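*Asks:* Single-letter residue listing:
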Amino acid sequence: MATLLKIEEIAPAFKRYLVEMPEIARKHQAGQFVIVLLHDHGERIPLTIADSDADAGTLTLVVQEVGKSTMEMGTLKEGDEIQVVGPLGTPTHIENVGTCVCVGGGAGIAPLLPIAQAMKEAGNEVVSILGGRTKELVILRDEMTAASNEMIYTTDDGSFGAKGFVTNALERFIKERGKPEMVIAIGPAIMMKAVAEMTRPLEIPTVVSLNTIMIDGTGMCGGCRVSVGGDSKFVCVDGPEFDAHTVDFDLMMKRQRTFLVEEEEARRRYLEHHECQATKGGELS
Amino acid sequence: MARELTKKERMQIPRQPMPAQDPMERIRNFGEVALGLTPEMAIAEAERCLECKKPRCVEGCPVGIDIPAFIVEMADGNFEKALAIVKKDNTLPAICGRVCPQEDQCEQVCVVGNKYKPVAIGRLERFVADWEVAQGGEIAMPERQPETGFKVAVVGSGPAGLACAAQLAILGHSVTLFEALHKAGGVLVYGIPEFRLPKKIVEEEVGNLQKLGVELRFNFVVGKLASVQELFTEYDFDSVFIATGAGLPYFMGIPGEDYIGVYSANEFLTRVNLMKGFDFPAYDTPVGMGRRVAVVGSGNVAMDCLRTAKRLGAEEVICLYRRTRAESPARLEELEHAEEEAIDFRWLSSPVEIYGDDDARVRGVRVQKMELGEPDASGRRRPVPIEGEQYDMEMDTVIMGIGQGPNPLVTRSTEDLELNRWGNIVVNEETMMTSIPGVFAGGDIVTGAATVILAMGAGKVAAAGIDDYLRNEVRVPRSKADGT
Ligand SMILES: Cc1cc2nc3c(=O)[nH]c(=O)nc-3n(C[C@H](O)[C@H](O)[C@H](O)COP(=O)(O)OP(=O)(O)OC[C@H]3O[C@@H](n4cnc5c(N)ncnc54)[C@H](O)[C@@H]3O)c2cc1C
Ligand SMILES: Cc1cc2nc3c(=O)[nH]c(=O)nc-3n(C[C@H](O)[C@H](O)[C@H](O)COP(=O)(O)OP(=O)(O)OC[C@H]3O[C@@H](n4cnc5c(N)ncnc54)[C@H](O)[C@@H]3O)c2cc1C
Ligand code: SF4
Ligand code: SF4
Ligand code: FES
Chain A
1 MATLLKIEEI APAFKRYLVE MPEIARKHQA GQFVIVLLHD HGERIPLTIA
51 DSDADAGTLT LVVQEVGKST MEMGTLKEGD EIQVVGPLGT PTHIENVGTC
101 VCVGGGAGIA PLLPIAQAMK EAGNEVVSIL GGRTKELVIL RDEMTAASNE
151 MIYTTDDGSF GAKGFVTNAL ERFIKERGKP EMVIAIGPAI MMKAVAEMTR
201 PLEIPTVVSL NTIMIDGTGM CGGCRVSVGG DSKFVCVDGP EFDAHTVDFD
251 LMMKRQRTFL VEEEEARRRY LEHHECQATK GGELS
Chain B
1 MARELTKKER MQIPRQPMPA QDPMERIRNF GEVALGLTPE MAIAEAERCL
51 ECKKPRCVEG CPVGIDIPAF IVEMADGNFE KALAIVKKDN TLPAICGRVC
101 PQEDQCEQVC VVGNKYKPVA IGRLERFVAD WEVAQGGEIA MPERQPETGF
151 KVAVVGSGPA GLACAAQLAI LGHSVTLFEA LHKAGGVLVY GIPEFRLPKK
201 IVEEEVGNLQ KLGVELRFNF VVGKLASVQE LFTEYDFDSV FIATGAGLPY
251 FMGIPGEDYI GVYSANEFLT RVNLMKGFDF PAYDTPVGMG RRVAVVGSGN
301 VAMDCLRTAK RLGAEEVICL YRRTRAESPA RLEELEHAEE EAIDFRWLSS
351 PVEIYGDDDA RVRGVRVQKM ELGEPDASGR RRPVPIEGEQ YDMEMDTVIM
401 GIGQGPNPLV TRSTEDLELN RWGNIVVNEE TMMTSIPGVF AGGDIVTGAA
451 TVILAMGAGK VAAAGIDDYL RNEVRVPRSK ADGT
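If you're matching them up, the sequences are chains A and B in order.
Take 1 as the starting number for the first sequence in our numbering and just add one per residue.
Take 1 as the starting number for the second sequence in our numbering and just add one per residue.
Fair warning: there could be bad hints in the mix.
Claimed, not checked - For the chain A half of the interface with chain B, some residues (derived, Cβ under 7 Å), not all of them: (1) Met220; (2) Cys221; (3) Gly222; (4) Ser227; (5) Glu262.
Unchecked claim - Just so you have them, the derived chain A footprint on chain B, three or more residues with Cβ under 8 Å: (6) 43 to 49; (7) 214 to 225; (8) 244 to 254; (9) 323 to 337; (10) 399 to 410; (11) 414 to 424.
What the hints contain is simulated information worked out from the structure, not anything from laboratory work.
Fair warning: this is a prediction, and the values are worked out from it, not measured in the lab.
Glycine included, every Cβ here is placed at the ideal spot set by N, Cα and C.
Chain A with its partners taken away, still in its complex shape (with noise of 0.2 Å):
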């Protein structure tokens, strides 16, 4: 069991936990993740680890709040106990490429902070262009910051940074600056597909993070398995970074989907429930 040592609200329906972890924060690398189960009545979740301090034993997850399970988690307190596995999946490739460009967008911050943080200590140029639908949502601006030798923002409504989406500000970037050696895109798999079709014919080397619906993630079910240049690939095990050009994000996309009716059930129960019990004035249900 992992203690929750705090919780702090960083935008609207998004949480940041730090959670004691230490025997994961000692073995942690960029780009890898856990599942946490919240109790046994829930799901396993996968979340990546979005910092880790081996010497405090903690680690760090920023969790937006989209559906039952990841709400239920917003309604943890300090002190609560949850199931944590990992680190799971394959670390970054870290090396010193020269100039690159780390695209996040919305939860897809979180994943890559450890990974701008990393290709930073590895000697690159960290050019960090970060969107989200409006200010608040752009999350993690001060270590992202830290990260980076460079922060581009944009947002859908213009109330911060550039008026536009990621791969606007990606576009400029690469007229005016030439191609970077290295673009690393984390964000909504529509994100990473435009950036995907973007840099693909620039020839430049693009990768990126999958969320597929996982279970166990040790590649023991194949729910997340997603077409990778035609090769059926195990996201929580071959992953989930993969060469951004050969990846059918169409499919996965799709993927994504399978379970809508039943995720939508849950939270119309979850959220009558909840509501219920609030007009009761926390009376026991």
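Based on the hints, put chain B with the ligands in the right spot on chain A.
*Replies:* Showing chain B with the ligands alone in chain A's frame:
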């Protein structure tokens, strides 16, 4: 005292039928199908045994249980003594009595079977194990030998790991069992369904391990959180037993296998069994099964998927197998149970393509009709496609139950570990030691997907190998050698 019966009289007692839930009733619940013999039935069944001087049945049992000895005690109504005899060689009788493919093992060679139906050895074994539970648990609790100070890591909590851990603890070693998932039991909990093996039985066995002092570490993926080498260097173990099973699901490599609605058997069964998805939304993990379900394959794994789909309320449940019923690798009892439950078996049928809609959801399967041709290397006649005979079946779920390979998480992260060409670990069969001194392995990770009893047997052999290695080669526990 048992009744004096002649050989002829014994043979004339009919094999006692296993009381079972009615098929039409049981397809609506997840309760156990086979209900177990009554004491009277068990005694009558035991009386059928001829107490052979050279019992062939014992040779048929992979762990060599002294079958006539325990059956004689049963015929006398001495269930406690019978249990002790069984437990000498099999630490998991409640499990093996339920899931062993007896018709290919002990019962296949029973002499009574030459003329009549063989003695129901598995059912008797199950009976004594259940009897113990009914008496309130561990009657034949083995005694622990004095502490040796040696620390052994057992990786994987399937039958191989459970058996090895129990045996090592009895021998006085300090044992930690590492399991990647959040529950212990391996395939016994995530694969084999409740209606065939109640999870309470597995929990009971795990509880017994804890009583023996075995420490359980869940959510610990060896190869990720610690490599096998680090279990020695950072965690101070003196020996490691790898029992990580055959957890890697195979797909067929046909078009459409990545569509929504195509599952590996592992995924489907894990959602239902381990995550309790059959009770969604009380449990959070959805299963997402449709109304028309096709399962590919005809082994135990496929039977479990078929019967689970039926219980989850699928209207049509179809089995596609490229050979015939005769070649079906499933336990006979499972096959018969599935037939009683109105599963639609399509023999000599092999899917060649899965087709879907624009949202990538499965719409159906294209099936190729087969016939049996020349025998292949395994001696079984090879299925060959009949040209031009293909048809489409509308389906919304397709489950691949065609087999599993070794999961490479541990083997890939362990240097100098010798593997065969299928990726299974190579061991010395007498000791179960791998190419790395002090590292042992057993169960499906060594043999490829096999059986519970073989895995359990391997765990026991390895425990003896490890014990010998520690006492005669290591001699001083690492923790003491370091002076800590
Ligand atoms: C390797 C990996 C790393 C991730 N890292 C983060 C992270 O750092 N921060 C973060 O906020 N989110 C992360 N996610 C996504 C997170 O796991 C999902 O948002 C969460 O499981 C949704 O569960 P829910 O019940 O709240 O929502 P649901 O309503 O169940 O689902 C909402 C959407 O999330 C996806 N999803 C649902 N179940 C799963 C599942 N079991 N596994 C993966 N995705 C699922 C589906 O696409 C679904 O449409 C990561 C996912 C993966 C695979
Ligand atoms: C659906 C199904 C039905 C079956 N039915 C029957 C039957 O009726 N009769 C029969 O005799 N046999 C049956 N079998 C086969 C039998 O279950 C297996 O042969 C047996 O379980 C193998 O035991 P094992 O201990 O080697 O491995 P497993 O039972 O596979 O256990 C391996 C364990 O190791 C864990 N693990 C894996 N990697 C790691 C890691 N890196 N770190 C930590 N832990 C790890 C896994 O999570 C798992 O818990 C069936 C198999 C399946 C899948
Ligand atoms: S363990 Fe299996 S093979 Fe051995 S006697 Fe029991 S049922 Fe038969
Ligand atoms: S072979 Fe059959 S009859 Fe003979 S001892 Fe074994 S179980 Fe009894
Ligand atoms: S999550 Fe099961 S194989 Fe990847």
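*Asks:* Three or more residues of the stretch 244 to 254 of chain B near chain A by CB distance under 8 Å?
*Replies:* holds (count 4)
*Asks:* Was the hint right that Met220(A) lines chain B, CB cutoff 7 Å?
*Replies:* holds, 4 Å
*Asks:* May I ask you to test the interface hint for Glu262(A) with respect to chain B, counting a Cβ-Cβ separation under 7 Å as satisfied?
*Replies:* holds, 4 Å
*Asks:* Would you settle whether the hint for Ser227(A) is holds or violated, based on the nearest Cβ-Cβ distance to chain B being less than 7 Å?
*Replies:* holds, 6 Å
*Asks:* If you look at each residue in the stretch 399 to 410 of chain B, do at least three have a Cβ nearer than 8 Å to any Cβ of chain A?
*Replies:* holds (count 3)
*Asks:* Given that the stretch 43 to 49 of chain B was listed as covered by chain A, double-check it with a C-beta distance under 8 Å for 3 or more residues.
*Replies:* That given contact is violated, which follows from only 0 residues of the stretch 43 to 49 of chain B lying within Cβ reach (below 8 Å) of chain A.
*Asks:* Taking 7 Å as the limit, does the beta-carbon of Cys221(A) come near enough to a beta-carbon in chain B?
*Replies:* Holds, about 4 Å.
*Asks:* State whether the coverage of the stretch 214 to 225 of chain B by chain A holds or is violated, taking the criterion as 3 or more residues with Cβ-Cβ distances under 8 Å.
*Replies:* Three-residue rule met by the stretch 214 to 225 of chain B, so holds; n is 6.
*Asks:* Take the shortest C-beta to C-beta distance between Gly222(A) and chain B; is it under 7 Å?
*Replies:* Result: holds, 4 Å to nearest chain B Cβ.
*Asks:* So is the stretch 414 to 424 of chain B in contact with chain A by the C-beta rule, three or more residues under 8 Å, or is the coverage claim wrong?
*Replies:* violated (count 0)
*Asks:* Tell me whether the statement that chain A covers the stretch 323 to 337 of chain B is true, taking a Cβ distance below 8 Å and needing three residues at minimum.
*Replies:* Per the Cβ count (0), the hint is violated.
The structure shown violates the earlier hints numbered 6, 9, 11.
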